[in-house]
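*Asks:* Chain by chain, the residues run as shown.
2 protein chains.
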Amino acid sequence: MTHAPHVVAVLGRGVLHPDEPVVTADDLGLTRGDGCFDSTRILTEEGGTPHVVDLEGHLDRLERSARAMDIACPPQQAWRRLVADALAVWSTPGEAVLKLVLTRGREWRPTGPTAYVSITHRADTGITGHQRPRTITAVTLTRGHPSDAFRDAPWLLGGVKTLSYVVNVAAQREARRRGADDVIFTTTDGYALDGPTSGLLVARDGWLLSTPTGDTGILESVTVGDIFESARADGWLTRFVLVPVADLYTSDGLWLVSSGRGPVLVTALDGRPLAVDEELASRVHGYAGF
Amino acid sequence: MTHAPHVVAVLGRGVLHPDEPVVTADDLGLTRGDGCFDSTRILTEEGGTPHVVDLEGHLDRLERSARAMDIACPPQQAWRRLVADALAVWSTPGEAVLKLVLTRGREWRPTGPTAYVSITHRADTGITGHQRPRTITAVTLTRGHPSDAFRDAPWLLGGVKTLSYVVNVAAQREARRRGADDVIFTTTDGYALDGPTSGLLVARDGWLLSTPTGDTGILESVTVGDIFESARADGWLTRFVLVPVADLYTSDGLWLVSSGRGPVLVTALDGRPLAVDEELASRVHGYAGF
Numbered sequence: 000m001t002h003a004p005h006v007v008a009v010l011g012r013g014v015l016h017p018d019e020p021v022v023t024a025d026d027l028g029l030t031r032g033d034g035c036f037d038s039t040r041i042l043t044e045e046g047g048t049p050h051v052v053d054l055e056g057h058l059d060r061l062e063r064s065a066r067a068m069d070i071a072c073p074p075q076q077a078w079r080r081l082v083a084d085a086l087a088v089w090s091t092p093g094e095a096v097l098k099l100v101l102t103r104g105r106e107w108r109p110t111g112p113t114a115y116v117s118i119t120h121r122a123d124t125g126i127t128g129h130q131r132p133r134t135i136t137a138v139t140l141t142r143g144h145p146s147d148a149f150r151d152a153p154w155l156l157g158g159v160k161t162l163s164y165v166v167n168v169a170a171q172r173e174a175r176r177r178g179a180d181d182v183i184f185t186t187t188d189g190y191a192l193d194g195p196t197s198g199l200l201v202a203r204d205g206w207l208l209s210t211p212t213g214d215t216g217i218l219e220s221v222t223v224g225d226i227f228e229s230a231r232a233d234g235w236l237t238r239f240v241l242v243p244v245a246d247l248y249t250s251d252g253l254w255l256v257s258s259g260r261g262p263v264l265v266t267a268l269d270g271r272p273l274a275v276d277e278e279l280a281s282r283v284h285g286y287a288g289f
Numbered sequence: 000m001t002h003a004p005h006v007v008a009v010l011g012r013g014v015l016h017p018d019e020p021v022v023t024a025d026d027l028g029l030t031r032g033d034g035c036f037d038s039t040r041i042l043t044e045e046g047g048t049p050h051v052v053d054l055e056g057h058l059d060r061l062e063r064s065a066r067a068m069d070i071a072c073p074p075q076q077a078w079r080r081l082v083a084d085a086l087a088v089w090s091t092p093g094e095a096v097l098k099l100v101l102t103r104g105r106e107w108r109p110t111g112p113t114a115y116v117s118i119t120h121r122a123d124t125g126i127t128g129h130q131r132p133r134t135i136t137a138v139t140l141t142r143g144h145p146s147d148a149f150r151d152a153p154w155l156l157g158g159v160k161t162l163s164y165v166v167n168v169a170a171q172r173e174a175r176r177r178g179a180d181d182v183i184f185t186t187t188d189g190y191a192l193d194g195p196t197s198g199l200l201v202a203r204d205g206w207l208l209s210t211p212t213g214d215t216g217i218l219e220s221v222t223v224g225d226i227f228e229s230a231r232a233d234g235w236l237t238r239f240v241l242v243p244v245a246d247l248y249t250s251d252g253l254w255l256v257s258s259g260r261g262p263v264l265v266t267a268l269d270g271r272p273l274a275v276d277e278e279l280a281s282r283v284h285g286y287a288g289f
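Chains as they are written, first to last, in numbering that gives the first Met the number 0: chain A, 0 to 289; chain B, 0 to 289.
Some hints here could point you the wrong way.
As the list makes no split between identical chains, a pair holds if one copy fits it or if it spans any two.
Simulated pairs of lysine to any residue, SDA-like, Cα-Cα distance not exceeding 25 Å [unchecked claim]:
| no. | residue 1 | residue 2 |
| --- | --- | --- |
| 1 | Lys98 | Asp246 |
| 2 | Lys98 | Gly178 |
| 3 | Lys98 | Pro74 |
| 4 | Lys98 | Gly288 |
| 5 | Lys98 | Ala122 |
| 6 | Lys98 | Pro112 |
Please keep in mind that the hints were generated in silico from the structure rather than gathered at the bench.
Bound conformation, chain A alone (with noise of 0.2 Å):
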């Protein structure tokens, strides 16, 4: 087995060369961002086999993208096999992100979609995790629309984990710009809504709270989902709610949420300091699985 940091399988190409050109300069995926994509962890021990976490669920969303798109998604069997294919040259001990990515494919050729996967491994954390990053400052910049913005309005894609993520990059630049680590969208009529590349999730008086869904066009998050799951079972109040910005500020905890990283306590916004509970966040970090 190699120790490659990189593994690239493309569908009806099989493993290439992590080099290895593999879209046409006519490919919608690239001039049109015009895709869809999915990511979840893989865990794999000194000389142990890799474990993908949840590929199921990240498998579904992928489905769920692309019928929003009209983009027609290759079976979950061929992404099995196609990951299983990457995984058979993966061996590198510790965390790695595996990435499903779908274009609509090519415009000159009627090629049809473009698909393929990568992993990557995560050079800042260990087997367990125990280098990760657990705490992060954040900045909110204004996501430009209000709160129901992409109601009725499916052409918008809200809730589409698309391609076209550039203003999502832009952001973070502008965080690393002011000095800190990431960055929590707001509406323009005031509210939280997510962040960049992770879900928000707030404690609040003995609630867990996260940003719905629909009218705000945020990406559903598999991990405040799993996250939620485990707190209600444990006594916590959950709900999906629209969170006024201001009330970030004076949140018990607040987290930024992603499959790749789980929950990160973020400890000051804007430059303001955040209420940092220690036991609280250890709690939420064994909801979420890691």
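Using the hints, position chain B against chain A.
*Replies:* Just chain B now, kept in the frame of chain A:
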């Protein structure tokens, strides 16, 4: 010389077969839509040399897009050489589209930005463009944000021709679903913006109007600028001003305008027939140099 319907040339690699892949699995242009592009027309007479329309203006706009995104744009001379390489194998008579594409480059290796050009024949046009469809029908669709959404929010990348175009193509699919050809985007506060791949031009009471750039986030239209300049010389008053959606239905003439197809007259909007003034349409066509 070959008579290929498509030509691709990649900076650092030269002319490639159009079926040959150009970007890797980790290219941020592909995985995040993190890049920019520009496009213009190529005119080639039978047996003649191809002529690129206003390469200068489009290279300038590409540079502005790259600057707004913090991507190091290759010097114009490099782009010109790349375009020349592509043109050297292009001789298909008629109209073609030249596309200039720039991405932030690879995530896994510091290889710098990816830059390529492509040429695509416009099969729907003849040498002088007379086969070009000069009228279309359109629908209005909300863009989900107010008309000042981009004020003081550079991370939203207003005015930047990024590769994250998925909402634009989804809106065009929605138009076809409604039996129309194209889209005029609208704001939540009731103004017209532009089309998914075109600028807006409105004739009204002796004025030619178009949507202002800046706070609206719309792209500057090189062709609207050309039209305004020629129209003023011909006695028109011109103005960049927000046009209420309601005024579109009662305009003296309504066009969607792009470098690829020039000004295209909209004959019906949301199923309601619009004023069609053939003489006016012909003059506007002339102003655009089409």
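*Asks:* Is it within a copy, between copies, both, or neither that the alpha carbon of Lys98 lies no farther than 25 Å from that of Pro112?
*Replies:* both (16 Å within a copy, 22 Å between copies)
*Asks:* Is it within, between, both or neither when you check Lys98 against Asp246 at 25 Å Cα-Cα?
*Replies:* neither (34 Å within a copy, 47 Å between copies)
*Asks:* State whether the alpha carbon distance between Lys98 and Ala122 is at most 25 Å within one copy, between copies, both, or neither.
*Replies:* Answer is within; shortest intra-copy Cα gap is 16 Å, inter-copy 37 Å.
*Asks:* Checking an output row: Lys98 and Gly178, CA cutoff 25 Å. Within, between, both or neither?
*Replies:* For Lys98 and Gly178, the Cα distance exceeds 25 Å both inside one copy (29 Å) and across copies (37 Å).
*Asks:* Check Lys98 against Pro74 for me: Cα-Cα at most 25 Å, and say if that holds within a copy, between copies, both or neither.
*Replies:* within (16 Å within a copy, 34 Å between copies)
*Asks:* Given a CA cutoff of 25 Å, do Lys98 and Gly288 count as a within-copy pair, a between-copy pair, both, or neither?
*Replies:* For Lys98 and Gly288, the Cα distance is within 25 Å only inside one copy (20 Å; across copies 47 Å).
Consistency with the previously given hints fails for numbers 1 and 2, ordered from lowest to highest.
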